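Enquirer: Position 539 of the sequence shown, counting from 1, maps to 539 under full-length UniProt numbering, and the rest follow consecutively.
There could be a bad hint or two in this list.
To be verified - Computed cross-link-like contacts, EDC-like style, restricted to lysine to aspartate or glutamate with a CA-CA straight-line distance of at most 16 Å: (1) Lys-19 to Glu-141; (2) Lys-617 to Glu-602; (3) Lys-288 to Asp-544.
Worth flagging that the hints you see were computed from the coordinates, not collected in a lab. Treat the numbers as computed from the prediction; the structure is a model and nothing was measured.
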Amino acid sequence: MANTDTRSVFRMFVEACGKYKKNTAFIYRVGGQELSVTYKKLLEDVFLLSRCFKSYGVEKGSKVLFISDNRYGWIVTDMALASLGAISIPRGSDTPPHEMKYITGHSEADFAIFETETVYENAQSDLLDEYYKSIFLIEGEDKDRPEGKVHTYNEMLADRTFTEDEMKEFCESNPTGIDETFTIIYTSGTTGHPKGVILSNRNVIYNLDMLPGLIALSEKDSWLSILPTWHIFERAAELLAITNGCCTVYSSVKTFAMDLEQYRPTIVATVPRVWESLYSKVQAALEKQSKFKLFMFQFLSRASASFNRHSRYLLGVNPEFEKTPLKQRLKEIGVSIAKVILLLPLKIIAMNKFKAVQAKFGGRLRLAVSGGGSLPGYLEDWLDAIGLRIVNAYGMTECAPAIAGRGLDCQVFGTLGRPVKGTKVRIVDESGREVPRGQEGEIQVKGPQVFSGYYNQPDENEKSFTPDGFFKTGDLGKLTFTGELKITGRIKDIIVLANGENIDPSRIESAITMLPFVKDAVLVGQDQKSLAALIIPDMEKLRDYMNNKLEHIRTDFDMNSKPVVDHVKKEINKLLSHKKGFKNHEKLHNLSFLEQEFKQGEELTNTLKKRRHFIEKRYKELISGLFKSNDNQ
Numbered sequence: 001m002a003n004t005d006t007r008s009v010f011r012m013f014v015e016a017c018g019k020y021k022k023n024t025a026f027i028y029r030v031g032g033q034e035l036s037v038t039y040k041k042l043l044e045d046v047f048l049l050s051r052c053f054k055s056y057g058v059e060k061g062s063k064v065l066f067i068s069d070n071r072y073g074w075i076v077t078d079m080a081l082a083s084l085g086a087i088s089i090p091r092g093s094d095t096p097p098h099e100m101k102y103i104t105g106h107s108e109a110d111f112a113i114f115e116t117e118t119v120y121e122n123a124q125s126d127l128l129d130e131y132y133k134s135i136f137l138i139e140g141e142d143k144d145r146p147e148g149k150v151h152t153y154n155e156m157l158a159d160r161t162f163t164e165d166e167m168k169e170f171c172e173s174n175p176t177g178i179d180e181t182f183t184i185i186y187t188s189g190t191t192g193h194p195k196g197v198i199l200s201n202r203n204v205i206y207n208l209d210m211l212p213g214l215i216a217l218s219e220k221d222s223w224l225s226i227l228p229t230w231h232i233f234e235r236a237a238e239l240l241a242i243t244n245g246c247c248t249v250y251s252s253v254k255t256f257a258m259d260l261e262q263y264r265p266t267i268v269a270t271v272p273r274v275w276e277s278l279y280s281k282v283q284a285a286l287e288k289q290s291k292f293k294l295f296m297f298q299f300l301s302r303a304s305a306s307f308n309r310h311s312r313y314l315l316g317v318n319p320e321f322e323k324t325p326l327k328q329r330l331k332e333i334g335v336s337i338a339k340v341i342l343l344l345p346l347k348i349i350a351m352n353k354f355k356a357v358q359a360k361f362g363g364r365l366r367l368a369v370s371g372g373g374s375l376p377g378y379l380e381d382w383l384d385a386i387g388l389r390i391v392n393a394y395g396m397t398e399c400a401p402a403i404a405g406r407g408l409d410c411q412v413f414g415t416l417g418r419p420v421k422g423t424k425v426r427i428v429d430e431s432g433r434e435v436p437r438g439q440e441g442e443i444q445v446k447g448p449q450v451f452s453g454y455y456n457q458p459d460e461n462e463k464s465f466t467p468d469g470f471f472k473t474g475d476l477g478k479l480t481f482t483g484e485l486k487i488t489g490r491i492k493d494i495i496v497l498a499n500g501e502n503i504d505p506s507r508i509e510s511a512i513t514m515l516p517f518v519k520d521a522v523l524v525g526q527d528q529k530s531l532a533a534l535i536i537p538d539m540e541k542l543r544d545y546m547n548n549k550l551e552h553i554r555t556d557f558d559m560n561s562k563p564v565v566d567h568v569k570k571e572i573n574k575l576l577s578h579k580k581g582f583k584n585h586e587k588l589h590n591l592s593f594l595e596q597e598f599k600q601g602e603e604l605t606n607t608l609k610k611r612r613h614f615i616e617k618r619y620k621e622l623i624s625g626l627f628k629s630n631d632n633q
């Protein structure tokens with residue numbers, strides 16, 4: 001049957017701008033001044049920039065390196081390129097010049113767009129102007145430049161006049177087919193060189209078709225944008241907002257908490273680390289109040305979370321990975337009934353008390369989409385306890401991005417929900433055989449959103465797909481008996497001890513970060529007899545904690561002194577107990593506190609995932625020292 005779908009991302013954009021032309025599309029700040037644009041104005045801006053690009057030779061199939069962070073000019077540029085059928089190759093402005101050079105050469109980019117003069121100048125040491133036919137600066141001074149290759153938006157958009165016929169022709173154009181390339185996104189990756197993920201219009205449109213129903217999206221919703229716009233999770237969120245007539249507010253990590261209160265969004269899409277940061281801020285604010293208020297908040301949080309857990313059990317929406325004997329099931333039902341009855345008064349009190357916390361999130365936040373990694377269980381329980389609905393999602397750049405999502409119609413907490421409609425997900429063992437539900441294995445996926453392959457990397461493509469067309473995600477997971485997906489680890493992140501035991505570091509790291517003085521932790525121990533951890537401390541909290549625990553400790557104590565390390569290791573190993581589901585070989589043998597926090601673009605990817613190979617290389621000598629005593633064991 002012939003393919004009759006003639007849509008493209010650009011066509012959907014134009015239709016949305018026509019349908020919602022009076023709605024506010026974006027709110028953003030420039031130099032402290034708040035600005036907003038309607039969908040009608042957004043379409044005009046895209047048309048004018050598209051006309052400029054076309055005059056400089058940008059055309060269908062042109063590959064354009066696009067270096068910029070979150071800003072209104074980002075979405076205008078992205079859609080202007082799409083209107084010509086050009087292929088955007090986006091990255092953030094913190095991309096190292098040598099990486100830009102690699103991406104330029106590997107992708108065979110024809111043009112380049114830089115966010116500012118500074119970003120362009122920083123890149124010049126590695127990126128010579130002759131690489132490109134033209135270079136465009138979103139912000140830049142109008143001045144004489146060699147060969148006339150560099151052009152600023154200010155210069156290009158000086159003429160803003162156009163006729164109705166020009167706009168009509170623009171709106172009726174359809175530059176690309178649904179299976180043609182929309183973008184190539186070079187993943188920041190946790191190992192080696194970045195890989196160019198080829199995403200077609202179909203890959204992206206599938207997400208735009210399937211996801212609104214999961215979150216009951218409408219034009220009345222407003223989004224708060226904080227993640228890097230070039231990353232597919234945020235990019236898809238912005239396109240979802242546009243195609244459904246929503247308003248998007250550009251925020252930042254620094255202003256996120258303030259913007260939640262000021263702009264009162266209904267939806268936020270972000271990653272677990274941002275929620276961890278907000279959780280820490282709420283806890284820090286509570287600790288400044290009276291001990292009684294702190295106790296009551298924590299007590300009501302635990303009571304509310306427990307009430308919710310037992311309620312879900314009675315509703316039959318707890319995740320099940322193994323059959324429970326009838327006798328045990330009846331006993332658990334009895335316990336849950338008693339808990340729900342006993343905790344109901346506390347739940348009612350908690351709902352009233354937590355309105356103040358909800359106000360800190362704006363008071364209108366009906367759901368928060370969490371992606372880019374698994375949300376720690378304690379954090380999910382806490383957000384649920386205070387009345388914030390979390391839509392836990394699973395995806396990756398290669399799937400543009402959605403694979404599974406725990407939408408509003410799914411209450412199975414502790415999972416990522418079921419695969420998105422039309423998506424096939426299977427769990428396979430090491431030999432590639434599909435395993436029964438409840439058993440762990442690699443997650444493989446097949447569907448309209450799955451990319452066609454990595455650009456110019458045939459060997460990588462051969463390794464990434466099975467003979468029957470499933471993409472190997474490299475993630476470990478399992479399905480509940482009712483079909484919900486749970487991530488259990490990452491194949492490449494697995495630490496193999498000298499005795500052959502396989503360790504999933506993320507589970508242990510999540511447990512360690514439950515300690516109030518731990519900001520982050522990285523587990524190490526590949527090919528060693530035991531495990532160790534590198535820990536990023538909250539120094540003020542660590543100092544207060546140690547002063548309470550060790551009377552002789554000095555104010556200017558050495559955080560890596562033996563008494564401190566021994567005591568903290570003991571506390572961590574209490575968390576890693578049999579009772580909590582950990583094994584003896586999963587306990588820590590040693591640890592070290594780091595003075596410097598992990599930085600985005602170095603130890604962390606742009607979506608704040610740990611680059612383990614980078615961390616292990618940077619702290620190679622320190623890690624080696626942590627295991628010296630192992631040699632004598």
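Enquirer: Please go over all the hints and tell whether each is borne out by the structure.
Expert: Structure-based check of all given hints:
Under the criterion of a C-alpha separation no larger than 16 Å, the hint pairing Lys-19 with Glu-141 is inconsistent with the structure, at around 37 Å. For the proposed pair Lys-617 and Glu-602, the alpha carbon gap of about 11 Å is at most 16 Å, so the pair holds. In summary, the hint linking Lys-288 to Asp-544 is supported, as the alpha carbons are separated by about 13 Å, within the 16 Å threshold.
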